[in-house]
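Put the two chains together into one complex; each comes in its own frame, and the hints tell you how they fit.
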Amino acid sequence: MALLEVRDLSVTYSPRDAAAVRAVEGVSLTIDDGEFVGLLGESGCGKSTLGSAVLRLLEKPAAVTGGSVVFDGVDITAAGEDEIRPLRWAKISTVFQSSMNSLNPVITVEAQFADTFAAHPGCLPPDVDARQRAVDLLEMVELDAGVLRRYPHELSGGMKQRVALALALALSPRFVLLDEPTTGLDVVVQRAILDRLRALQSEFGFAVLFISHDLGTVMEMADRVMVMYAGEIVEDQPAEAMMSRQLHPYTQGLLGSYADPRDAELGVDYVPGRPPNLADPPAGCRFASRCQVAVDDCSTVHPELLPATSGAARCLLVERAGGTPVDAELSGRFVAARPATLDEKPVLAVRDVAKHYRVRRRGGHTVKQAVEGVSFELRPGRVTALVGQSGSGKTTLARLITGIEQPTAGTVSFTPSDGSALDVGRLRGRRLRAYHRHAQLVFQDPFGALNPTRTLAYALTRPLRNHLGLSPGAARQRAGELLETVGLSPAAQYLDKLPHQLSGGQRQRVVVARALAPEPTLLVADEPISMLDVSIRAEIIQLLDGLVRDLGIAMLYITHDLLSARLLADEVLVLKEGRVVEEGPTLQVIRHAEHAYTKLLLDSIPNPRTGSTRRNSRAGGTAGLPAAPVIRG
Amino acid sequence: MTILLPTSSAGDTEGTEVRVIEAARMSRVPGWLVILWRNGKCRIGLLMLLVFVLVAVTAPLIAPYSPREDAFAGALGPSADHWLGTTARGEDVFSQLVHGARTSLVVGLVAGTLSTAIALAVGLTAGYLRGIVDEVLSFFTNLVLVVPVLPLMVTLAAYVPVKGLGLIVVVISITGWAHGARIKRSQIITLRTRDYITAAKFAGDSTARIIVREIMPNMTSLIVVGFMGACLGAIGGEAGLAFLGLGDPQTVSWGTMLNQANTGGAMLTGQWAWLVAPGVAFASLMTALTLVNFGVDALSNPHLREN
Numbered sequence: 001m002a003l004l005e006v007r008d009l010s011v012t013y014s015p016r017d018a019a020a021v022r023a024v025e026g027v028s029l030t031i032d033d034g035e036f037v038g039l040l041g042e043s044g045c046g047k048s049t050l051g052s053a054v055l056r057l058l059e060k061p062a063a064v065t066g067g068s069v070v071f072d073g074v075d076i077t078a079a080g081e082d083e084i085r086p087l088r089w090a091k092i093s094t095v096f097q098s099s100m101n102s103l104n105p106v107i108t109v110e111a112q113f114a115d116t117f118a119a120h121p122g123c124l125p126p127d128v129d130a131r132q133r134a135v136d137l138l139e140m141v142e143l144d145a146g147v148l149r150r151y152p153h154e155l156s157g158g159m160k161q162r163v164a165l166a167l168a169l170a171l172s173p174r175f176v177l178l179d180e181p182t183t184g185l186d187v188v189v190q191r192a193i194l195d196r197l198r199a200l201q202s203e204f205g206f207a208v209l210f211i212s213h214d215l216g217t218v219m220e221m222a223d224r225v226m227v228m229y230a231g232e233i234v235e236d237q238p239a240e241a242m243m244s245r246q247l248h249p250y251t252q253g254l255l256g257s258y259a260d261p262r263d264a265e266l267g268v269d270y271v272p273g274r275p276p277n278l279a280d281p282p283a284g285c286r287f288a289s290r291c292q293v294a295v296d297d298c299s300t301v302h303p304e305l306l307p308a309t310s311g312a313a314r315c316l317l318v319e320r321a322g323g324t325p326v327d328a329e330l331s332g333r334f335v336a337a338r339p340a341t342l343d344e345k346p347v348l349a350v351r352d353v354a355k356h357y358r359v360r361r362r363g364g365h366t367v368k369q370a371v372e373g374v375s376f377e378l379r380p381g382r383v384t385a386l387v388g389q390s391g392s393g394k395t396t397l398a399r400l401i402t403g404i405e406q407p408t409a410g411t412v413s414f415t416p417s418d419g420s421a422l423d424v425g426r427l428r429g430r431r432l433r434a435y436h437r438h439a440q441l442v443f444q445d446p447f448g449a450l451n452p453t454r455t456l457a458y459a460l461t462r463p464l465r466n467h468l469g470l471s472p473g474a475a476r477q478r479a480g481e482l483l484e485t486v487g488l489s490p491a492a493q494y495l496d497k498l499p500h501q502l503s504g505g506q507r508q509r510v511v512v513a514r515a516l517a518p519e520p521t522l523l524v525a526d527e528p529i530s531m532l533d534v535s536i537r538a539e540i541i542q543l544l545d546g547l548v549r550d551l552g553i554a555m556l557y558i559t560h561d562l563l564s565a566r567l568l569a570d571e572v573l574v575l576k577e578g579r580v581v582e583e584g585p586t587l588q589v590i591r592h593a594e595h596a597y598t599k600l601l602l603d604s605i606p607n608p609r610t611g612s613t614r615r616n617s618r619a620g621g622t623a624g625l626p627a628a629p630v631i632r633g
Numbered sequence: 001m002t003i004l005l006p007t008s009s010a011g012d013t014e015g016t017e018v019r020v021i022e023a024a025r026m027s028r029v030p031g032w033l034v035i036l037w038r039n040g041k042c043r044i045g046l047l048m049l050l051v052f053v054l055v056a057v058t059a060p061l062i063a064p065y066s067p068r069e070d071a072f073a074g075a076l077g078p079s080a081d082h083w084l085g086t087t088a089r090g091e092d093v094f095s096q097l098v099h100g101a102r103t104s105l106v107v108g109l110v111a112g113t114l115s116t117a118i119a120l121a122v123g124l125t126a127g128y129l130r131g132i133v134d135e136v137l138s139f140f141t142n143l144v145l146v147v148p149v150l151p152l153m154v155t156l157a158a159y160v161p162v163k164g165l166g167l168i169v170v171v172i173s174i175t176g177w178a179h180g181a182r183i184k185r186s187q188i189i190t191l192r193t194r195d196y197i198t199a200a201k202f203a204g205d206s207t208a209r210i211i212v213r214e215i216m217p218n219m220t221s222l223i224v225v226g227f228m229g230a231c232l233g234a235i236g237g238e239a240g241l242a243f244l245g246l247g248d249p250q251t252v253s254w255g256t257m258l259n260q261a262n263t264g265g266a267m268l269t270g271q272w273a274w275l276v277a278p279g280v281a282f283a284s285l286m287t288a289l290t291l292v293n294f295g296v297d298a299l300s301n302p303h304l305r306e307n
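In order, the protein sequences belong to chains A and B.
Per the numbering used here, the first sequence starts with residue 1, numbered consecutively.
Per the numbering used here, the second sequence starts with residue 1, numbered consecutively.
The shape of chain B in the complex, shown without the other chains (with noise of 0.2 Å):
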């Protein structure tokens, strides 16, 4: 009799939770999953992501020339043997977008994975201890989100002397984890003083124990959407950085490639493939995650999934 009780409102987590626990028992597969794959839109993007995961994974299998091999004539247009032509260094383009979906990956899993990580910490931290941590806390999650990011992402990456995907990642990760962070300490302070909570002080958990093993079970869709949230706007970060000169010029990816091409004057020389390319590759990207977006609403909100 329990589907008919209230169903949760948009705001509770802990409903979608218990649906996701019960969708897992039944297919033996994370039950997030099969609730983001019933979404026809998502399922398209899942499949999408897919086709990206194996052409990052089997990058030097898929790619016929090394990236950075330049030992073919420079500018040529499409041909047989090079498909979507050669950069005006005489590398080979097609192997270069084979190549760039690992990094967009790479940058996308490591900054989201580190930024869900920051947020996490600092507002379950916030969130569950409040009075003074979370006055502090709360006072550095404000101060990252009103600094306008794009500014000081080109300021960090231009003036800090290292350079490399490294550099673009942890850049990525400093300014992007603030609007996770509120999110994570807002539902935490509707947890937090939950029965269940006074029942687990009263059973004699540490604090620690509670918010890891009482709370974060609650709110793991919640730190689902969080991360695929954080991994868009890193892939996005990574390429924008790339374009405007500031990214690693030894890293072969799709930003890096567009900044050589426009420097290279593809659009002058008549080599569009060169240009469109790594645009098309990279909106696809883009589309791919939101498509799945649409499934981590229903996932978020279980009032969507019954349609």
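Extracted from the complex, chain A is given alone in its bound form (with noise of 0.2 Å):
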């Protein structure tokens, strides 16, 4: 018998105000003892309701409408609190993406040991010191014994969550569920966990179900994946197969989204569209209005999971093909393509900026040197790629640019096509205000950057008012113009909407239409795509592409993703600890990195054939090593 079984399980959200929400539809999936499974779904399928429902942590308005959980024979659906709470962590641990705020910020790292020792008193042998036991955790995740004695805030997200790593795993459990570990997590910080993580696995043997949005990291962790899709599972493959066979053309959609940006030739492909409301099922496959190849029977007949080659999937055409795969001619194609290099003259210019913020300690002050001694240039129509590690500088020189803040050292100097050279770095109020008119930010996170209780068309309506002094009805008519550039047609539709009531890549279409709303010179983007979900992120980079060359506009697009950087970047500057230590055009940094760093950041993307050559080495007689980073030209 499989250490997990789930069957048929739904899961349902009725919340008062709106629709009831089927988000998880009749899953049914086993997992073996020391088995790694993946599951892999875009945000909104419903495979973090599936992890709680395992868990069963499920809170109001969702609750478990059918099918039944059993672990190790017990039918956690079923069963009382009781008989549940010797499983838990004990049996069966979890890691979410927030655990690194699941410590308890009072307690030090070894009282939070403590607690879980003796809430399970029977789990550790008698002849075991518990403090010896929490040493040998912190070191299986490469912490030392000091960390004990630390309180969470003293440590860095990476560390958290490493020793939210060791606490799940601190009573051997048998199951441990991955809620997107790493998401969050710088990429140099996500590869030592995921590496750690690979090895204890192979070490001790417990099964793990890993679920992350991220294709990249799922595809090189997991034995066997599963994907979902609007709360169904819709294919289910060892990874190997499914990154050279996939079934499903939705699985066929999320692995064209990834590429090596070291690759000569890049394209990425991606699915348009959105996936159905879950409060409005559609009759026949869920994933029919998106899919390329779909006939008329998709849109009436429900498939079911079905075998398919050496997994199962759950397509109409798969099934009629007898079980091999389909061939999705995904219509969406973004392929990076560099435009001869243009002599415009400079619309912004970074002299020798230096960047110190003084920081508050115990008697006394330090200095941070955020950015130190950075010089770049932005001509009009093309983009410039600021590449590094959280902590690197890149976002204090996008506020440095913006005149948000003020460089300590050096000058920025902005030159309007029609106008004399201007001191970014000495503009207040009014000045301030006009200058913004030509220096528009996009935000990083969708979520945020729009006021949750005001229209779209209100926010996209201020910049037209304010910066070009537009009347209220030509400004609304020129909110809608700009809703259609960024693709959200028709504009009337979505005018009157409030945030809450648009997918995240809508949201970020808005984002960027207000930005480009003052018909701008400069567009700073800070992180536009590390929030969204992989299929949209080629759709939003094809935009910012398509408008930077249409309207001339230079583009400061800051990243840690080397992909996305190749893709959309004419040069990349590679930051480390507020210095530019590699520069040049993109496809020379990338393919020819010279420096440490920059080889570094190229290898911590998780990168799913690094995952297939480490699985066949394991098949090979080296199981229990941690995967080695390979290390290609």
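These aren't lab readings, by the way, just hints derived from the structure by calculation.
Being a predicted model, the structure only gives us computed values, none of them experimental.
Among the hints, a few may not be true.
[Unchecked claim] Computed cross-link-like contacts, DSSO-like style, restricted to lysine-lysine with a CA-CA straight-line distance of at most 30 Å: (1) A:K345 / B:K201; (2) A:K345 / A:K576; (3) B:K41 / A:K60.
The structure is reproduced here in structure tokens:
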């Protein structure tokens, strides 16, 4: 019998103010002892809800409305709290995306371990010292014993997530549920944690359900991958088979959005459209409206999850073809093609800029050098990417360029096509406001960048009325045109909507439209796609690319993601601890990286192909070793 | 799919506002009222409050006599002519009781509004501008918070030469805003660093506009909550001051009734209704507002709303 058996599980959200939503619909899955299973899906597909249901952590208004979850012979959906309590953490444990926030801020790390051991008295052998066990556990996640005395706020995000992982493994569970365990962490930190996780899993043999929207990490880590779409599992295959032969058209679309930035020719596919509304799911295949190869029956017949080649797929076409993959003929494709260098005059010149922050410490100040001696230029119609880890000073540079902060040394000068140079560092009040007509910002988080109580029309008309002096009527008309420009049409349908009525990708389009409203000459995009689903990322990149070329805007693109930098940028600056360590044309920097730090960034990108070589090497008898990053030239 | 997004934490008023707007779009009455009405206890409170408002508005129609008409025999017990008897000076207790509802509600409304307005102005300015402005305003807020309110009210009411309801309202307002100001200040401090505020600056909006049009709509529930609390405090404050004899003796209010019943020796002459009636009326109004507050909790914390 499998360790975890989920049968026909359905979960429904029934909030008071809205229609009931079947977030998880008839999901069946089994996980064997020691198996590493990945669950891949876009936001809103029900993957985290499924995870919560397995742990029985659902809260109102969500409830299990059908099916069962059996863990090691115990029916979790039916058992009483007293039966489940001894199971939790001792046999099933979890690491959430926000696990770093699940550490109690007022007690030390050691006390958190002590609590865990105290809650399950039988789990620790009597001859083992709890403190020693905690030290061993921390060692497993590559933290030293000194961490035990620290409070959570004294640790970095990556360290906290390691502590959370060590806590999850404290009682040697048989099953660990990992819900986006590295999302929100830096690429380099993510790489270290993933490597560690894989090594620990090989060593101790616990089963894992790894939930993530990040295709690269799931494909690299998991032995078997399940793909979820609109509350259903649509494909289930061993990772290697899925890499080479995706059965479902949706999976093909997802994998198409991944590419290695070091490839000579680079293009990404994407699946246009959005998932269906689960309050009113379509009768037929839930993917039919976005599927390029859908036939008439797809919109009427709901397909079943049936065995196909090496796994299972939920697709009528696969079923009819006798379980062989279909070719999805993806329609959206974005190819990285950079036009030849144009000799335009730079609109913005950054010269030897430095920014120091005084950090108050006990008994005095220390100076933190956020940015040191950075120089570059931005030209119309060209994209410059600023690449680096979190804390490398990228966002500080964005704030200096947009005049929100003033440099400690050096100058930022802006030269509009029809005027004299402006020293951005000295602008205040009214003149700074006037400068923002030329320099606009695209935000990282589409959920935080739009006021939840204001309609799109309001958000878009403000810059038009302030900067361009349009009348209310003209501004509304222009706002509609802007929405059309960013691909939200018909605009009349969107103008009076509130942000929460839009999806993440649509919101980001609105954020882009608002930045474009005053017809700026300079656009700073601060990680504009990092919070979006993979399949939407390519769309937004394509949108930004088109706008930059068509409108001749100079753009600074800030990112930690080298794939998007490769797709969008003409030039790349690699930033480490506030200094530029490498710069040059994108292709050259990424394909022939010189600096060790650039190479480290490149190697940290989760790579499905590395996963397959690792799996092969593991099969060849080197089980238990952490995956070594494969460096290719 | 928006409902699948993680629900907001208790301190996040933006999530609340979105739900309030949603509720309003569906039913045409203000969204916060819809949410209040859904709560059983709160519904009882609102209905009780409605009764008090109706009584106050139609007081001259309901009351059989003028509240200050003293042509009757003094110190009568309850009878068919005088349902609750008469005072020692020969006024009709029931008429006074009905007119007293006006005073309580007017004081609650006016003083509640005033202290909410002061709290908003101080809290929003301090929280948004930070720096030296915040230091100064926070100092005064803390000062008002630490000064014992009742002695201050008593002192103010006793030593200011003018008497009357206006004075009571002013005294209650200037002693009651500090708590609300602190809450609003801490809320705006969390809201002011949001990306959409930076975006509004980039869109060229002025500071005043950002506060009023971008931030305030995201805390209306908090403002409603603060207003309810201020009303409750103001009504209690007025009754207390009047009972202590610091109110205007010419104003008819439950507090002055209690005060006069006390000094008139209502207990000794067996006029229980004179003493009990204003007490019961006052207690019911407070109960009504407290019941409404159960719903207000749901308004300020979305997690309480799903049950």
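Task: Hint check against the structure, violated hint numbers in rising order - done: Structure breaks no hint.
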